[in-house]
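Work out the full structure: start from the sequences and follow the hints.
Listed below, chain by chain, are the residues.
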Amino acid sequence: MLVFEIVMVAMGAVRANLLRSVLTTLGIVIGIAAVITMVALGEGAQQQIQAEINRMGTSVLTISPGQQRSFGVSRGDTELSIDDALALRVETGGLLTVSPEQQTYMQISYLRWNSRSRVVGVWPEYFNIYDHELLHGRFFTQSEVQGRRRVAVLGYSASEDLGETPPEILLGETIQIRGIGFEVVGILAEKGGSGFLRPDENIFIPQSTAQYRVMGSRDRLNTIYAATETPEELDLAYAEIDRIMRREHRLRAGEDADFNIRNNADMLETFNETRQTFTMLLAGIAGISLLVGGIGIMNIMLVSVTERTREIGVRKALGATKRAIMTQFLVEALFLCVLGGLLGVAAGYAAAEAMSRFAEWETAVSPQAVAAAIGFSAAVGLFFGMWPARRAAALDPIDALRYE
Amino acid sequence: MLARIQVGRSTTLSDEIIRTEGLTKHYVLGAETVRAVRGVDLLIRRGEFVAVMGPSGSGKSTLMNMIGCLDTPTDGKYWLNNQLVSELTDDDLARVRNRQIGFVFQTFNLLPRATAAHNVELPLIYAGVSSKERRRRAEEKLALVGLEDRMEHKPPELSGGQRQRVAVARALVNEPALLLADEPTGNLDSVTSADIMRQLNDLNKQGQTIVLVTHEHDIAEHAKRQIHLKDGFVERDFMNEMVGSAV
Ligand SMILES: Nc1ncnc2c1ncn2[C@@H]1O[C@H](COP(=O)(O)OP(=O)(O)OP(=O)(O)O)[C@@H](O)[C@H]1O
Ligand SMILES: [Mg+2]
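Residue numbers (numbering that gives the first Met the number 0), protein chains in the order written: chain C, 0 to 403; chain S, 0 to 246.
Each hint can be trusted.
What the simulated footprint calls covered on chain S by chain C, stretch by stretch (three residues with Cβ under 8 Å from a Cβ of chain C suffice, anywhere in the stretch; the number is not a length):
hint, segment
1, 59-73
2, 90-101
3, 106-117
4, 120-126
Derived by calculation from the structure, the hints in this document are not laboratory data. Yeah, the Cβ is synthetic: ideal placement off N, Cα and C, and Gly gets one too.
Have a look at this one:
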């Protein structure tokens, strides 16, 4: 029997009971859709974090405040101060490029435009650490930091929020940050890569200005960034930072650190570990839903074989071999499952799209995930279709023809 | 023995199409054994038109199913076209049914969702004939039974007589050596029955070997030879030209 005929017969059988077939495949549809969506989310997060890390480079160490514990009891959040940043800059002797970061969301206005943007107080080194390039104007300088000058460098898309395109029109203009006038001295080139930080939407001002004029004299940094020339120097840098920070914070030897030093590469590793757990979980969900879906398929195939006993009898009477009958029912089960798989991929893709559109989560449906999903549903079809198909093939022609 | 009847002409090897020796079929139902067919010896030659008759339950269908290779005998031997088919495997029997036998059933046994043309094509699908050739042959046989204008109709859209003609076309499509019909007119009115019988007669005149089961004497009159079964034995076996002359 020719393959084409077998497929046509199987499709005809599915079409003849379309509603039942679709309902039967629902288990597989839902399972596959869930997996595709979750994989898309995981993949999206992966790409986002990868992009973030690529953007920042792997030779950047991020120092953030941690919790100080003594004898297991938290003494509350500690803080990073500007002295910490200064000490790191001065004492590492050119090993590190250092910049503090102090940031908050603020009301920005220019003429009649208003926006709420992230204002980031940094040193000029920051632009170096993050490889920012200028589109127009200049970065602010070290002396402007010392002088607490009211100058601002705008991220690429920050100007759009202030109603001005092209952005260079803002150059030399005065914008209001929390009612205080700042001169726009530079506009950064587009950085791309969405990410959590969205660097293109930021407004950068000198850290000192941020501390004393905008954020109310609080000497409290969010982060200190420290970059080395090459990734090979990271270990040394790590040790140096740890030593200096411990001294600055007056920690005794053996006492837990009240700060965290993280390497972007470490972050990637942590993320990958999480992701692996996530993947195992997914595999579990997929396995269970495919098992349930497969049992549904087996059930409906058994019903189908019983319902079509006479048809099987007729086919056998006319010369169908066991193999031909078996193939027919196996292809039918396969067809149902692959149909379910395809519907599931479509539904999962739609869900992922909806998530990235409405919840603004990054998602990416990878071709491998789609191929695996369809491959797995086909395997389920073969596995759970085998028994009903064998039953059909084993029917005695006379008994089958007599079946009422 | 009543069952042993020598028919006039001498037979050559290539001349005989059905030969059975002690063909037997028992059904075991719990403690009871039903002896549906008990030791039938038959010889049917190419070109014959045989009517198998007998009371209900006498084993006609059981015998026909064994002759048609749909059922396997409990005991005895059966040669079809000089091939010992009583020893074949299921799949070999399927191939024999496919290539050498055309079967017409009382209940038509058409696939209800397939068109007349597709129903007729079925045996050719299992014979591995290309779709174009299948279509051509199906059309030819449907035209032969006078259904050239009903090719795309499905069985529920056809009358009983038309359905049976589709079944006849299907039985003929693989050019079988042997055409078997188990009460083909059992579900048809007398006019339609006569129509089907005329068709079988024509086929036989063109050389088609036919074995037919029937209850009705006027149907059996169409055949050249009658075999009467009773309780699983051949009771009488005679040529229609000499009606009434048993043994
Ligand atoms: N599958 C079966 N299981 C048990 N007994 C059976 C089976 N098929 C047939 N028989 C028995 O075998 C005997 C012969 O049955 P068969 O169908 O051959 O009769 P028949 O001559 O064709 O009758 P009818 O004219 O009513 O069709 C009957 O007694 C029947 O009950
Ligand atoms: Mg019968």
